[in-house]
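> Go ahead and model the full structure; you've got the sequences and the hints to work with.
So the sequences go chain by chain: A and U.
Under this note's numbering, the very last position in the first sequence is 559; numbers go up by exactly one each time.
Under this note's numbering, the very last position in the second sequence is 559; numbers go up by exactly one each time.
No lab work stands behind these hints, which were simulated from the structure alone.
Don't take every hint at face value.
Identical copies carry no separate label here, and so any pair may be met within one copy or between two of them.
[Said to hold, decoys possible] Below, a list of computed lysine-lysine pairs in the DSS-like style, where the Cα atoms sit at most 30 Å apart:
| id | residue 1 | residue 2 |
| --- | --- | --- |
| 1 | K300 | K394 |
| 2 | K394 | K441 |
| 3 | K380 | K441 |
| 4 | K441 | K300 |
| 5 | K179 | K441 |
| 6 | K4 | K357 |
| 7 | K61 | K480 |
| 8 | K37 | K151 |
| 9 | K72 | K441 |
| 10 | K101 | K4 |
| 11 | K144 | K233 |
| 12 | K480 | K4 |
These numbers come from a predicted model, not from an experiment.
2 protein chains.
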Amino acid sequence: MPEKITIVIVGGVAGGASAATRARRMNEAAEIILLEKDEHVSFANCGLPYYIGGEIAERQKLLVATADLLRKRFRIDVRANQEATRIDRAAKQLDVRDHLKNEDYTLAYDKLILSPGAAPLVPPIENANAPGVFTLRNLADADKIREHAVKTSARKAVVVGAGFIGLEMVEQLHRLELKIVLAELQPQVLPPLDPEMTYPLEKALRDREVQLYLGDGIAGILTDERGNASGVKLQSGEVTTGDLVILGLGVRPNSQLAQEAGLEIGATGGIAVNRFSQTADPDIYAVGDAAEYPYGPTGKQQRVPLAGPANRAGRLAGEHAASGASAEMPDVQGTAIVRVFQQAAATTGLSVKMARKLGIDAWSVTIAANHHAGYYPGAKQLVLKLVFAPETGKILGAQCVGVAGVDKRIDVIATAMQFGGTVRQLAGVDLSYAPPFGSAKDPVHMAAFSACNYLDGVDLFLDSDANLSGQQVVDVRTEKEVSAKPLAGADDAIAIPLDDLRERLGELDQDRPTVVSCGVGVRAHVAARILRQNGFADVQNLSGGALVREWAIAQRTAE
Amino acid sequence: MPEKITIVIVGGVAGGASAATRARRMNEAAEIILLEKDEHVSFANCGLPYYIGGEIAERQKLLVATADLLRKRFRIDVRANQEATRIDRAAKQLDVRDHLKNEDYTLAYDKLILSPGAAPLVPPIENANAPGVFTLRNLADADKIREHAVKTSARKAVVVGAGFIGLEMVEQLHRLELKIVLAELQPQVLPPLDPEMTYPLEKALRDREVQLYLGDGIAGILTDERGNASGVKLQSGEVTTGDLVILGLGVRPNSQLAQEAGLEIGATGGIAVNRFSQTADPDIYAVGDAAEYPYGPTGKQQRVPLAGPANRAGRLAGEHAASGASAEMPDVQGTAIVRVFQQAAATTGLSVKMARKLGIDAWSVTIAANHHAGYYPGAKQLVLKLVFAPETGKILGAQCVGVAGVDKRIDVIATAMQFGGTVRQLAGVDLSYAPPFGSAKDPVHMAAFSACNYLDGVDLFLDSDANLSGQQVVDVRTEKEVSAKPLAGADDAIAIPLDDLRERLGELDQDRPTVVSCGVGVRAHVAARILRQNGFADVQNLSGGALVREWAIAQRTAE
Ligand SMILES: Cc1cc2nc3c(=O)[nH]c(=O)nc-3n(C[C@H](O)[C@H](O)[C@H](O)COP(=O)(O)OP(=O)(O)OC[C@H]3O[C@@H](n4cnc5c(N)ncnc54)[C@H](O)[C@@H]3O)c2cc1C
Ligand SMILES: Cc1cc2nc3c(=O)[nH]c(=O)nc-3n(C[C@H](O)[C@H](O)[C@H](O)COP(=O)(O)OP(=O)(O)OC[C@H]3O[C@@H](n4cnc5c(N)ncnc54)[C@H](O)[C@@H]3O)c2cc1C
Ligand SMILES: CC(C)(COP(=O)(O)OP(=O)(O)OC[C@H]1O[C@@H](n2cnc3c(N)ncnc32)[C@H](O)[C@@H]1OP(=O)(O)O)[C@@H](O)C(=O)NCCC(=O)NCCS
Ligand SMILES: CC(C)(COP(=O)(O)OP(=O)(O)OC[C@H]1O[C@@H](n2cnc3c(N)ncnc32)[C@H](O)[C@@H]1OP(=O)(O)O)[C@@H](O)C(=O)NCCC(=O)NCCS
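Set out below in structure tokens:
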């Protein structure tokens, strides 16, 4: 029987509950106290939008492990409505506020695990707390929004912030037949992605008559005569009405408890920890949205407020606290996914935009391919952007958007990143293939092949939003394709169908910098190879072809 | 412009056509001759069953790249109906038989790429070539089967061999409303998998009234008075009638051309090659079903007759032949997938059965989990078996079966294997999660966690088909669950619901070897931890719980 120690855990959901159960499995003798300032422990935060929209019909489904189960099965002393208010590190004790009894008490610990999560950002604007303005973090929030959206006669909602949660809320409120306005400070939805990759999401939103205000932040909440929210004022001066306002502006880590106890806070505002999730005080661990993780693409510590890392880090911290040892918390890649109506968009690691911001040299290729064999019915096109280091070919990140197979491609790439993989190694992964499931050369391979071609100088890729003026642009699609949809932002593109190119080389100037383009980049790749081997010294392939070019130009115009 | 050399390619489909196009992209000056003994090049072999069943409605869809396109776009000299019959290595030339003109001629090469594929095995039995007996390798075969199945009044088919192609044929012939008999020499369908993992497939077959003869090989073909196939005789003496017989018995590599030229043949019967797909003669390459690959799980060369490796190796060989250099062909893991009605079954690397046969020490864990968050509607259970090395934790293989999300899990694990990954590393992969797509702790994580628990002695797993007699078996499910479905092959299991276990420890003998079990293994894991920490020295968790136990016992009985 292991040591009889007291483990106190602050926060009873993703990180905290995961720590508690693993701690119990590793140590039957320990006293394990789980403090949760709100009513519920172990609920499915990530399910809240779907409960609001009614897609998850039963509220009870959101209670993943009840307090009762945690008590009976795991002998965890679950204390809901009890808030940790102060850590006394010297005395190894915690001040706790019992919100039910309205009392304070002190709790001694041998090991303390902090998983207090994060709080939705509420901007310092007028009427930010008016009735009808909501943030979404827990079940009580969800109940309130659902009540307001379903039970009142709300007809129109303003969602502020087009990140993961904002987009999920748009989808789910649309499901409730509300008219939706979506405002976002960035000039695009889903800011973690590169702008062109978000085009299909914006299209999905516009197709459902979601009114988009991009590049426009919130300036204030409008209220009616009773003081209820009736709309928002944007920084541009634009005003839009609405019966409820959802703020989905991101989160602020709940790091104050740690900070007040003198524990180190990292550069990104989360509690600083080592690979065992130990803070500067080895008896105090921190995990989840309040903490930082080792981030794969940069090798630095940063916050990654997602459920997977919180769960895994919580589990390891629980084990370490309970037994004195555990595996190290591996790098986190920031892999995330969201569904926006039929479209899925996923990302892992760095976008090109983020890499630039960090001063990291990054190349990218964008390919479009079917999610399974094209000859098998039901194939859907997905677009995959692979970001990598020009010197080493190390994979830095990827983004994928489409209606099917998006999660699989990002998970495969995220797995390769976990091993510090390069695009060369990615080109060799041996994936499952039968017509209903994939292709003999999977989209992941196509992206990796293209990246290797880029690294080897076999084919150089040009960003899809590049300025093409002054370059010799060759569009190698068929006449029919070109006239149906001319290449965006390339008015004097020379159209030569690929299959005629060798005969018509004389029409081109081999000394001019040349950009080739086609539908999605495949034919342009063949064309680029023909040109290069025929004396054209400077040839680039427009990444993602006319398809992604259209997205990029639309997004650039939007900015 | 690169060197003007002559590259001759034997075989115009997966490996051959991939080599040809890449060769052209790397070398505009080369003469590239693609020899194909049959009518069609570049067709979708893997789509043939779905064309026969009518799921792929247009035959033309199967022609991935037409000869015309290869000629126009890639300037490839496509020579259909022309068969390479002899290699003269000293003279660097090839004898070719033109089947249309019924002529022979000689062809000089600088580089020769062999991708002649494999031939379906036809056993040396009576009437093996009777009309109505079919094998399936190319379009002509598919046309014949389709003709026979659709246009004649065929009502019943006998499929011999329950491998990937056999199972696809069963599914597709069932779609054509034929009654089906499926015979397989092995005591299970899909022999690459461990027997218990195939239970859901067998169930799917039986549910559709496919008559199964397992552990029974074919002894002869029965014919009617006109000499047409009318059924099969099995080795057991059993006789079954049928209007057509499909032989899906695996393939024999077309290595004779190479062998006759004195090139080395590997231990598994494929042409031996190095990492550049070069045979013993550096000007002759071999790829695809006729060749061997470096196989990840063993580090040895072996045949892996699948389209992905053929395509990738062909591409690299084409590049090497055309330019004198290429990346090395990476390890192949043997990743494969098949759909059998609603069920998907996938595998990568070694099964436990294969590992045993090879004398490789292998441990395994089997878990069951939802393919996405259980609280989000539509979650489907999948079962995932992870096979790994006991000393190092190196992943040796995995198998997965279920109706959704199977390909993703196997692809993630196959990717980890590509990096020589261990189950410890797998436990840390950062996968995308939102409720419609996955879980915060994905099934891949659960399997990896369990494997780590096994390695660390936190929880030891017992194979689901183990003999439990003599052991103290504790079933920790609820009374209701136990009475609804008692644990198979464990008549004197002691039922103690998990939540009562701590109070009822006195009912158990802590000195007896103890096996715990529950629904799928999760509660048993908690129970095992309680027992171990309460003085029970020898505790094992029945892998996959009552669910997989039922499968294993059913399959054991079937043998
Ligand atoms: C609506 C929504 C949707 C989401 N969707 C996804 C998704 O699809 N995929 C994904 O990966 N992530 C998603 N997330 C993020 C994910 O839920 C979080 O990353 C994860 O829950 C973080 O775990 P945590 O333990 O750090 O915080 P939480 O799970 O929030 O738990 C922290 C708990 O600590 C309590 N607490 C705070 N301070 C104290 C204190 N002083 N004393 C006692 N208790 C305290 C809080 O009340 C809270 O219940 C979503 C989040 C939300 C809100
Ligand atoms: C029905 C069916 C379904 C399949 N399904 C899948 C699947 O779902 N997933 C998967 O990964 N794999 C699948 N495969 C396997 C896959 O098709 C093969 O692994 C792949 O085609 C092998 O490529 P290859 O180039 O070696 O051979 P092939 O693609 O068969 O090409 C070889 C060609 O060479 C020609 N040839 C042979 N000898 C000569 C000669 N002397 N001269 C000239 N030409 C010659 C042959 O006629 C043949 O056309 C399937 C195969 C079949 C038959
Ligand atoms: C559910 C919760 C309380 C954790 O409880 P838990 O008992 O650790 O349950 P999990 O499902 O996470 O873990 C399953 C355990 O069974 C093991 N396991 C899984 N399948 C198994 C099988 N078939 N056989 C044996 N063991 C198995 C796992 O290894 C793990 O044990 P370990 O941690 O000791 O290795 C916590 O994750 C939680 O509160 N989640 C909801 C909140 C949340 O995550 N929100 C964000 C996402 S919506
Ligand atoms: C189709 C076939 C002829 C190969 O032709 P291919 O021109 O090499 O076509 P692929 O789709 O395989 O390759 C696409 C090329 O475009 C590149 N590419 C893909 N997407 C791209 C994009 N968006 N931008 C730029 N390049 C791209 C790839 O890198 C690859 O080029 P590379 O090999 O020079 O690196 C051959 O694979 C074949 O015959 N297949 C059918 C037979 C078969 O495989 N059967 C078994 C499975 S059913």
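> Any hints this thing doesn't respect? Which numbers, in order?
Numbers 5, 6, 12, in rising order.
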